[in-house]
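The lines below spell out each chain.
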Amino acid sequence: MSDSDEDHGSGRGEISREDREALKARAARIGSRLEQVKARRAPQLDSAARGAAFGQAFKIAIELVVGVSFGGLVGWTLDRYFGSTPWLLVLFLVLGFTAGMLNVVRSARRMQAEAEPLQRAAPSVESDDEDEDR
Amino acid sequence: MHQFEINRLAEIEIFGIDASFTNSSLFMVLGVALITGFFALAMNGRSLVPTRMQSVAELCYEFVANMVRENVGQAGMKYFPFVFTLFTYILVMNLLGMIPYSFTVTSHIIVTFALAALVFVVVTAIGFARHGLGYLKLFVPEGVPIWLMPLIVPIELISYLIRPISLSVRLFANMMAGHTMLKVFAGFVVSLGIFGFAPLLFTVAFTGLEFVVAFLQAFIFAVLTCIYLNDAVNMHH
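Chains as they are written, first to last, in numbering that gives the first Met the number 0: chain A, 0 to 133; chain B, 0 to 236.
Be aware that one or more of the hints could be misleading.
[Stated by the list, open to error] If you only want the chain A side, here are some residues facing chain B, beta carbon under 7 angstroms, derived:
{"no.": "1", "residue": "Gly54"}
{"no.": "2", "residue": "Ile59"}
{"no.": "3", "residue": "Ala60"}
{"no.": "4", "residue": "Ile61"}
{"no.": "5", "residue": "Val65"}
{"no.": "6", "residue": "Thr84"}
{"no.": "7", "residue": "Gly95"}
{"no.": "8", "residue": "Leu101"}
{"no.": "9", "residue": "Asn102"}
Hints in this document: simulated from the structure, not taken from any laboratory.
Glycine included, C-beta positions come from ideal geometry on N, C-alpha and C.
Same shape as in the complex, but just chain A (with noise of 0.2 angstroms):
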């Protein structure tokens, strides 16, 4: 806000220099009170974001602690019809859990291939906005 276009300001049109300050410091306040009702209302935006976070998280927990138990079940339930305890039951332990892994991975790489696009977008629009305003 502060550079001053004075080197080409007399082309530009018949405000006086007094209107001119006046206009400025307008839109400096109007600037202001904007920033101020961002945020303000910044922190409701954020308590939704941070529920989908959330519900995310959540998402990735419960792929993980499916795939452990799913393959325990099947290994005990296994050990018990063929009576070879312990066996099945470590083996499908591990194969439950190197599954649910593979759903976390492959969710995580879905969120990240959603998120990336916004992420790269985000930075430019806000700072393009900025320049306008001067």
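With chain A held as given, fit chain B onto it using these hints.
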């Protein structure tokens, strides 16, 4: 806890199977009636410039349609009614549960498991119908050396089989945990006396979060259904 209890409203027994009409069934019927009634009413006018209700209905349609198109592609629009039904059903069930004294159908694992099992069966059936036995290639990823197959195939198989479990546990656990948490903290309000305002504030804030969760879980369920459908329709990971 009282809010999770199932009560028989009308005892029905079919061939020795207890098929009583419970409070859970009542809320399911209520929810389905609400959805059907809402969309019938909202789309009744079918005006070019939509009314408020028609806008909401169209918003729902666009939301799910975009989800299906993004995740499955145009070929997946054949299965749009399935995803749309699941989404609206779960959303309305979750939201109905937010009304005090009501019953949250989706806080029972058997209900969510039935939904997830339905998704699992339908997706598997679609996969086999479209690709025949070639659908089994889903368990054999490309570019894996043959000696690793005995390890990879069981892992892929298990990761496919646990889908309905993680799908159902996620929805059930979220709804159940949220409602339990609300109940526990609401209990603190009375027992803490004058300091009860702190848990009260938390309860109010958490109620808002619960609405987010109610929507989010319906959304996640629908998105995952789309992702599984994508596997079945397009057959690449």
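Requested in this report: List, from low to high, the hint numbers that the structure doesn't satisfy.
Outcome: Result: hints 2, 3, 6 break, sorted rising.
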